[in-house]
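What follows is each chain in one-letter form.
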Amino acid sequence: EVQLVESGGGLVQPGRSLKLSCAASGFTFSNYYMAWVRQAPKKGLEWVATISTSGSRTYYPDSVKGRFTISRDNAKSSLYLQMNSLKSEDTATYYCARHRDSYAHSWFAYWGQGTLVTVSS
Amino acid sequence: DIQMTQSPASLSASLGETVTIECRASEDIYSNLAWYQQKPGNSPQLLIYDANSLADGVPSRFSGSGSGTQYSLKINSLQSEDVASYFCQQYNNYWTFGGGTKLELK
Numbered sequence: 644e645v646q647l648v649e650s651g652g653g654l655v656q657p658g659r660s661l662k663l664s665c666a667a668s669g670f671t672f673s674n675y676y677m678a679w680v681r682q683a684p685k686k687g688l689e690w691v692a693t694i695s696t697s698g699s700r701t702y703y704p705d706s707v708k709g710r711f712t713i714s715r716d717n718a719k720s721s722l723y724l725q726m727n728s729l730k731s732e733d734t735a736t737y738y739c740a741r742h743r744d745s746y747a748h749s750w751f752a753y754w755g756q757g758t759l760v761t762v763s764s
Numbered sequence: 014d015i016q017m018t019q020s021p022a023s024l025s026a027s028l029g030e031t032v033t034i035e036c037r038a039s040e041d042i043y044s045n046l047a048w049y050q051q052k053p054g055n056s057p058q059l060l061i062y063d064a065n066s067l068a069d070g071v072p073s074r075f076s077g078s079g080s081g082t083q084y085s086l087k088i089n090s091l092q093s094e095d096v097a098s099y100f101c102q103q104y105n106n107y108w109t110f111g112g113g114t115k116l117e118l119k
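Protein chains in written order, with our numbering: chain A, 644 to 764; chain B, 14 to 119.
Worth flagging that the hints you see were computed from the coordinates, not collected in a lab.
You may find that some hints are simply not true.
What the hints assert, rightly or not - Partial pick of chain A residues on the chain B-facing surface, computed with a CB cut under 7 Å:
no. : residue
1   : Gly687
2   : Leu688
3   : Trp690
4   : Tyr738
5   : Tyr746
6   : His748
7   : Ser749
8   : Trp750
9   : Ala752
Unchecked claim - Pairwise CB distance ranges (calculated):
no. : chain 1 : residue 1 : chain 2 : residue 2 : range
10  : A       : Gly658    : B       : Ser78     : 42 to 52 Å
11  : B       : Leu118    : A       : Ser706    : 29 to 39 Å
12  : A       : Pro704    : B       : Ser73     : 30 to 40 Å
Beta carbons: idealized from backbone N, C-alpha and C, even for Gly.
Please work from the sequences and hints to get the whole structure.
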């Protein structure tokens with residue numbers, strides 16, 4: 644059974660940093676593209692970052708480019724999101740998601756339960 | 014960037030009714046479209062991929078259709094467990110979600 648368990652969320656002041664983690668199990672982690680997707684309170688979904696199987700390629704929307712960094716450790720079956728220079732508009736539940744396979748242009752087949760990040764002074 | 018416009022934003026329907034949700038892309042996305050269901054308090058779950066392929070375990074009352082820039086999700090014979098928010102997503106060029114449709118029972 645595919646499982647994705649996020650951790651690392653919490654309350655953080657504007658301008659500070661936070662690192663999220665996602666522990667994956669139930670599949671061969673190194674074979675899949677992985678992503679982060681966020682959802683502001685009572686709002687829709689926003690793709691935040693995607694990383695290739697080896698970690699050599701990363702993709703970001705303009706809203707987080709230069710501030711967020713996605714990374715992975717295939718030996719630990721773990722995904723990370725380093726978030727710097729946080730803003731109030733980054734307040735959201737952050738979901739770890741697995742792409743369909745090793746192909747970039749694919750949907751998100753599995754999602755974790757999410758971790759809440761609140762940016763506030 | 015590809016924009017996804019989803020309609021309606023909210024919808025109220027009766028049990029047993031057929032419901033349709035629309036999604037329009039700002040450019041041709043060549044059927045690279047998925048639909049997700051998010052029940053209150055839960056994470057999103059995949060319903061449909063490649064515009065019309067049903068994900069594993071999804072009831073057959075759900076169906077997807079469309080091509081080019083216009084896509085739709087249809088729910089036949091609405092059940093109480095279908096109360097949820099629904100999101101479309103394009104994956105032709107990076108990844109973009111529609112604004113969502115909140116489906117409630119009348």
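Return the numbers of the hints above that this structure violates; sort them in rising order. 5
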